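**Student:** Chains W and L, in that order, give the protein sequences. Add 321 to a position in the first sequence, counting from 1, and you land on the number used in the working numbering. Add 20 to a position in the second sequence, counting from 1, and you land on the number used in the working numbering.
For the record, the hints were derived by calculation from the structure and aren't laboratory data. Quick caveat: nothing in here was measured; it's all calculated off a predicted structure. Some clues are possibly wrong.
[Said to hold, decoys possible] One side only, chain L facing chain W, incomplete, derived with CB under 8 Å:
#1 ASP151
#2 PRO170
#3 LYS260
#4 ILE346
#5 ARG355
#6 VAL380
#7 VAL384
#8 CYS387
[Claimed, not checked] Restricting the straight-line Cα-Cα distance to at most 25 Å, the calculated cross-link-like pairs of lysine-lysine (DSS-like) are:
#9 W:LYS587 with W:LYS634
#10 W:LYS527 with L:LYS450
#11 W:LYS324 with L:LYS313
#12 L:LYS41 with L:LYS22
#13 L:LYS22 with L:LYS74
#14 L:LYS219 with L:LYS251
#15 W:LYS634 with L:LYS251
#16 L:LYS22 with W:LYS527
#17 L:LYS251 with L:LYS22
#18 L:LYS135 with L:LYS41
#19 L:LYS111 with L:LYS100
#20 W:LYS632 with L:LYS450
#21 L:LYS22 with L:LYS236
#22 L:LYS219 with W:LYS324
#23 W:LYS634 with L:LYS450
#24 L:LYS68 with L:LYS49
#25 W:LYS634 with L:LYS22
#26 L:LYS251 with L:LYS236
#27 L:LYS41 with L:LYS313
[Said to hold, decoys possible] Away from chain L, derived, C-beta distances all over 12 Å, residues of chain W:
#28 PRO415
#29 ILE454
#30 GLU488
Built from N, CA and C at the ideal position, the CB exists for glycine as well.
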Amino acid sequence: MEKLIISPAPHIHGGDSVSKNMTGVIIALVPALLASLYFFGLGALIVTVTAIVACVLFEYLIQRFLIKGEKTILDGSAALTGLLLAFNLPSNLPVWMILIGALVAIGVAKMSFGGLGNNPFNPALVGRVFLLISFPVEMTTWPVVEPFSMSYLDAATGATVLSLLNEGSSAIPSAKDMFLGNMPGSLGEVSAVALLIGLVYMLIRKIITWHIPVSIFVTVIVFSGILYLVDPATYISPLVHLLTGGLMLGAIFMATDYVTSPMNPKGMWIYGVGIGVLTVVIRTWGAYPEGVSFAILIMNGFTPLINFYVKPKRFGEKVK
Amino acid sequence: MKTFRIGGVHPAENKFSAGKKIQQAEIPKMVAIPLAHYIGNPSEAIVKKGDLVKVGQMIGQANGFVSANVHASVSGKVNKIDVQLDASGYKRPAVFIDVDGDEWLDTIDRSTVVKRECNLTKEEIIKKVQDAGIVGLGGATFPAHVKLSPPPGKKAEVLIINAVECEPYLTCDHQLMLEHGEEILVGVSILMKALEVEKAIIGIENNKPDAISHLKQLATAFKSITIEPLKVQYPQGGEKQLIDAVIRRQVPSGRIPVEVGAVVFNVGTTYAVYEAVQKNKPMFERVMTITGKDAPNPSNYRVRLGTYLSHVVEQAGGVPEGTGKIIGGGPMMGRSLMNLNIPMAKGSAGVLYMRDEEAVRRPVQNCIRCSKCVSVCPMGLEPYLLMAQSERNMWPEMETDRVMDCIECGSCSYTCPSNRPLLDYIRYGKATVGGIIRNRNAK
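The whole structure should be built from the sequences, with the hints applied where relevant.
**Tutor:** Okay, here's the thing in structure tokens:
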């Protein structure tokens with residue numbers, strides 16, 4: 322009572338915090354993590370743990386010895402980057418490559434820009450693309466599904482659905498298998514159903530809004546649907562587009578990254594449509610069978626421009 | 021159920037004093053009645069040291085049209101006219117009166133009988149409201165007679181009564197509706213007459229079901245007054261938000277409500293209008309809420325203007341242990357007070373104790389661009405951007421991004437997961453940009 326605090330209003334806070342949001346996303350990723358542990362076994366566990374530990378450790382070291390700033394590893398964002406990086410890797414990737422990916426993600430893509438909130442590109446995706454370009458063979462050799470497999474580097478490998486289709490093969494899994502995740506791929510991207518559970522959780526907790534995932538899904542379905550209707554023999558069906566590759570993971574967890582996505586619904590739609598179009602273009606006509614990572618990174622680059630030109634609906638803009 | 025269409029938050033309501041009967045606060049031994057406690061020019065003292073005054077006697081004369089008269093809230097002897105620290109944090113002129121008895125002006129009708137008939141003309145009503153020194157009791161304290169006199173060419177179509185009380189903790193309006201519902205409805209019909217409107221809508225948030233049903237029942241005896249229950253959402257008590265919620269019209273940037281045909285009065289102001297017009301009672305007291313999570317006795321008091329808050333707080337059991345901050349008003353838009361030696365003013369809706377741990381702001385982190393501030397802003401602004409511009413003194417950009425539309429509701433700062441002081445910076449920018457605009461217009 323002797324010393325009252327004086328500060329301007331508001332005097333209460335809703336209790337939301339950075340770490341609550343980050344742990345919320347991590348919780349939303351748990352179903353997909355469990356699915357990957359089931360489908361890829363030990364390899365998935367090793368890759369995930371390595372990526373998370375490496376990301377947190379690199380952030381700590383950079384913070385401590387290079388930036389000498391405040392400790393931020395407890396906000397959960399480094400762990401989340403590690404988890405998302407792991408989800409974008411094959412489950413038989415050697416540890417040293419994962420360490421390089423983590424260093425690029427945290428060191429180059431995040432901390433060099435000033436840490437959380439200042440990075441223009443999604444750190445986990447920068448790490449993944451760096452690895453993809455540096456180690457194209459290891460990054461596109463996928464273990465085949467083997468429930469609770471105990472193999473890691475020695476896992477039997479096979480091609481992903483998209484690379485099969487890219488090479489003109491038509492031996493693809495059933496829609497049910499693709500929906501559940503019973504197919505080769507990056508360890509976190511395969512199970513559409515697990516990722517969708519995560520989406521529902523994040524929507525209920527109001528961690529993200531529906532605009533970005535829905536705009537990407539709608540765009541991919543419409544664009545690839547038109548192509549498919551024109552020539553079903555040449556083009557991939559919208560369902561396969563939706564359920565394979567990194568689309569679900571990308572649309573739900575990577576494109577919705579707070580820092581690198583636009584700040585209002587109109588902007589989010591532009592961004593989502595851009596990602597959808599670029600994904601289908603790269604998958605259909607590009608050199609790579611998979612294009613979600615590139616599409617998201619390209620649209621990350623447009624985010625500041627979108628924020629500059631696209632404004633939220635102002636109060637009283639249209640009378641009545 | 022209706023509510024406003026852009027943004028909004030829902031803080032914990034914590035209406036501990038709901039349903040507590042309005043008690044008459046004891047009259048203190050001395051009052052300091054502020055002469056400048058509303059928007060507009062301060063009034064000028066028309067009494068001097070040694071003068072004897074009665075309750076209801078005018079002591080401060082309005083200075084210009086946008087200004088309000090001030091009346092003695094006690095009877096006694098004027099001790100001095102001096103500056104006094106008030107809730108705004110500034111020292112401003114006040115009339116100090118030593119209390120002697122409680123002698124009211126003979127003209128004031130002190131009976132509690134509800135007087136329903138009003139045969140006055142529009143002009144007579146506005147004159148009475150002006151004489152009584154009525155200002156808006158919702159927070160902005162804008163002189164009421166100005167609102168009753170729309171600019172030439174503008175015509176009100178509907179009167180909206182703000183009975184939302186969207187600030188957490190506060191219950192003074194709620195209790196007033198329960199205890200003086202009929203008087204309020206008479207006040208509404210008087211205001212309708214003054215504004216020459218055919219329709220009045222009372223907007224009440226549905227966390228006050230007893231007030232809604234009570235007024236609905238009473239309103240059957242009144243022509244053209246409807247009660248509109250609203251979904252609880254802050255800042256619904258904001259004038260523009262309430263108009264949007266009730267009649268689905270949005271007041272454009274920089275315009276006033278009457279341009280979309282609406283005039284808004286707070287429910288407490290409406291009651292004061294009733295008292296002024298029907299009972300000849302000037303505005304010299306109001307209901308305020310004393311509350312807080314640890315408040316010994318959360319309650320609603322009718323307090324005379326100029327009473328030191330410490331005097332009211334003592335009657336309600338004193339300041340609880342572990343209080344780190346005392347707020348004049350509600351937690352979203354109220355002002356933190358330096359101490360309790362501050363006189364009660366027309367805009368004082370409550371005293372709120374905050375615990376030590378609630379009073380301290382949490383450490384600020386980087387903006388993570390989650391866009392939650394954008395989605396909660398009831399004016400459709402971009403708080404994160406305005407703060408960044410304000411930090412960098414980018415005044416022209418702030419004006420383009422419509423900082424002047426900000427209603428300072430605090431929803432952005434309340435929501436920010438990084439605890440960023442968004443509104444602090446926006447307020448600073450708004451003040452600076454406002455000054456730039458005034459200078460430009462003066463040229």
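**Student:** Work down the list of hints and note, for each, if the structure agrees.
**Tutor:** Checked hints:
| no. | hint | in the structure |
| --- | --- | --- |
| 1 | ASP151 | violated, 33 Å |
| 2 | PRO170 | violated, 18 Å |
| 3 | LYS260 | holds, 7 Å |
| 4 | ILE346 | holds, 6 Å |
| 5 | ARG355 | holds, 7 Å |
| 6 | VAL380 | holds, 7 Å |
| 7 | VAL384 | violated, 11 Å |
| 8 | CYS387 | holds, 5 Å |
| 9 | W:LYS587 with W:LYS634 | holds, 9 Å |
| 10 | W:LYS527 with L:LYS450 | violated, 30 Å |
| 11 | W:LYS324 with L:LYS313 | holds, 19 Å |
| 12 | L:LYS41 with L:LYS22 | violated, 29 Å |
| 13 | L:LYS22 with L:LYS74 | violated, 46 Å |
| 14 | L:LYS219 with L:LYS251 | holds, 22 Å |
| 15 | W:LYS634 with L:LYS251 | holds, 22 Å |
| 16 | L:LYS22 with W:LYS527 | holds, 22 Å |
| 17 | L:LYS251 with L:LYS22 | holds, 6 Å |
| 18 | L:LYS135 with L:LYS41 | holds, 22 Å |
| 19 | L:LYS111 with L:LYS100 | holds, 15 Å |
| 20 | W:LYS632 with L:LYS450 | holds, 19 Å |
| 21 | L:LYS22 with L:LYS236 | holds, 17 Å |
| 22 | L:LYS219 with W:LYS324 | violated, 50 Å |
| 23 | W:LYS634 with L:LYS450 | holds, 20 Å |
| 24 | L:LYS68 with L:LYS49 | holds, 19 Å |
| 25 | W:LYS634 with L:LYS22 | holds, 19 Å |
| 26 | L:LYS251 with L:LYS236 | holds, 17 Å |
| 27 | L:LYS41 with L:LYS313 | holds, 19 Å |
| 28 | PRO415 | holds, 33 Å |
| 29 | ILE454 | holds, 27 Å |
| 30 | GLU488 | holds, 40 Å |
Hints 1, 2, 7, 10, 12, 13, 22, counting from the list given before, are not met by this structure.
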